[in-house]
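First to last, the sequence lines map onto chains A and B.
When the letters of the first sequence are read in order and numbered with our numbering, they come out as residues 1 to 245.
When the letters of the second sequence are read in order and numbered with our numbering, they come out as residues 1001 to 1329.
It should be emphasised that the hints constitute simulated quantities derived from the structure, not laboratory data.
Treat the hints with caution; some may be incorrect.
[Claimed, not checked] Estimated spans, in silico, between C-beta atoms of each pair:
#1 B:G1117 <-> A:T108: 40 to 46 Å
#2 A:L197 <-> B:D1202: 45 to 51 Å
#3 B:G1117 <-> A:G176: 31 to 37 Å
#4 B:T1232 <-> A:L197: 55 to 61 Å
C-beta: ideal position from N, C-alpha, C; glycine also.
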Amino acid sequence: MASSKVLFFLTALLLPFSFYLSPPSAHAQAKITSPNYIIQMPNLNSGAGIPSSAGYKLDTTIGQTAPGLYSSTGYLVRSGFQYIHSIIPFSFSMSNFLINFGTLMPGTPVTRTSTLVVSAGGAGGYRVTAREASYLQTSTGKTIPDSTCDAGTCSETAAGVWSLATTYGFGYNMSGNDIPSDFIDGTYFRQFANAALSEGDQSVMSSVNVGRDRTATITYKVNVSAVQAAGSYQNRILFTAIPSF
Amino acid sequence: MNKLLKFKNKKIKGNFFVFLITLISLFVIYNSVAEAQTLGLSITPPIAEIMIIPGKIVTQTFTITNDGNDGMASIYIIPFKAQGESGNVTLDEKNAVTAASPYASWFSIISPVSTFGEKFYMAGGQRQEITVKITPPESAAEKDYYFTLLYELDNNIPGGTFPMGPTNQARIGANLILSLSRDGNPAKTAEIVEFKAPKIIDSLEKLTFDIRIGNFGSYVFKPDGEITIKPTLGSVETLSLTPLNIISDSVRNIPCLKDENIITCQSSRRVLVGVYKSTLEITPDGGGETQSKTVTTVAFPFSIIFGLLLIFITYRIIKKPQKVGKESS
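All chains, full assembly: derive it from the sequences and hints.
Dropping the structure here:
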């Protein structure tokens, strides 16, 4: 009787320890999460193990040592970047999305600016592209063409100097972080890629690095000649921000 | 006199009150206009990597926010390809997932709308979960498929009238890497396309490496590898590669990683002398065949010798006239 009591006591004492000492249960294989990185149904190579840092820095081997588990569930999901612990979402913002040039005077260039801000803290690098839907045009189809700059050489892919009041058209300049290198200074302009002419989107900001509040200023410029038809000219410019894969 | 002073005080107080009200009104009007002209979008997670058996179903949730003015949002799924060698994407917008697209049966949006491209209201500051169901058909070829989930926002135009000039729209994306595999263990092969270091460098220069790794297989992988720099004299230095995704049929520049910061692959030593043998070893996802390549660099103290020579010549030039002066006297 006494021995059974001792046995019960020992069992009660050792049982919690056995739970403590036993390897992690199937929970670890059901879902591993960190604020920025999630693995659902992971089959991790035991040789590498799961690095045990606060943020699950899974920068070693991820293999498939338990194909049975994969075949029963049918999928494996990894979200986020395994080498960055940041939880900042990928974000893009722009001030002044409505650009108003006001009344244009022939030979008097008008400029307006917007500020672009990208935070790719949890996304590695990124790229922001832009394209216009068409030339600046009136409802009756009259257009202000894209500028080819003073030397007639700038395009949607190459910037050129636009400083003469006798150079007409519409274009943009970039300054600030992560901008294309051909915007040497504030006198360099490009055309927007024109979707109506099947021109591909062009980068206005890009970086291979993790960045927070990367900021650039886009300056829109328009100048019309004396023969430009009167009217209200408008178009749409589409900015697309996508993180690196 | 007192009455006059009281009257003046009252007038000043009244003017001050009017001034205060005007200031507050202007502030409110200015802020509402500024807010009305701001576009702000965010999405998380920025990437989702999914391996799935053809015919199975998985749901993936993305969280989007509208940090600008109220507007109408819409969601699209568009295939992408690698653009350049820095991990950027180029969207194949002609093949966006629609009812007519070959991927129409693969994707369906569960919430907040039921069709891709369908507009839904997003108030300023609103967060919204986007749930997408992914069901690749059983007949789909076992390989990778790459898509971007795009969140587009059309902000309300204040006053409803367009001004003279352009109106900007914004879209933000999250990448979706979809690997179709029946056994969950597809073969992955990494190829070192380039591992370059200068053959001869000055001792005061840093040993910098260019690394380009190619994936000519059918599945994405992350290079698991390091550069080992062995000098003739001194201790060995090791640099870790950043485990960036290299999608199939692409080459990617791979930088190094130190404390979660992506850095140029560069030796940290300040003064180098002698022969340095640098070996790059990589394996795709830490498994599969190991690839390696070695480059040799000779570090010679050109600038130090040039500096010493310059000091010596300058010294001789300064000394010579003094000697000549002594001899003539």
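Right, here's what the structure says about each hint:
no., hint, result
1, B:G1117 <-> A:T108: 40 to 46 Å, "42 Å, holds"
2, A:L197 <-> B:D1202: 45 to 51 Å, "50 Å, holds"
3, B:G1117 <-> A:G176: 31 to 37 Å, "33 Å, holds"
4, B:T1232 <-> A:L197: 55 to 61 Å, "59 Å, holds"
In this structure, none of the earlier numbered hints is contradicted; all agree with it.
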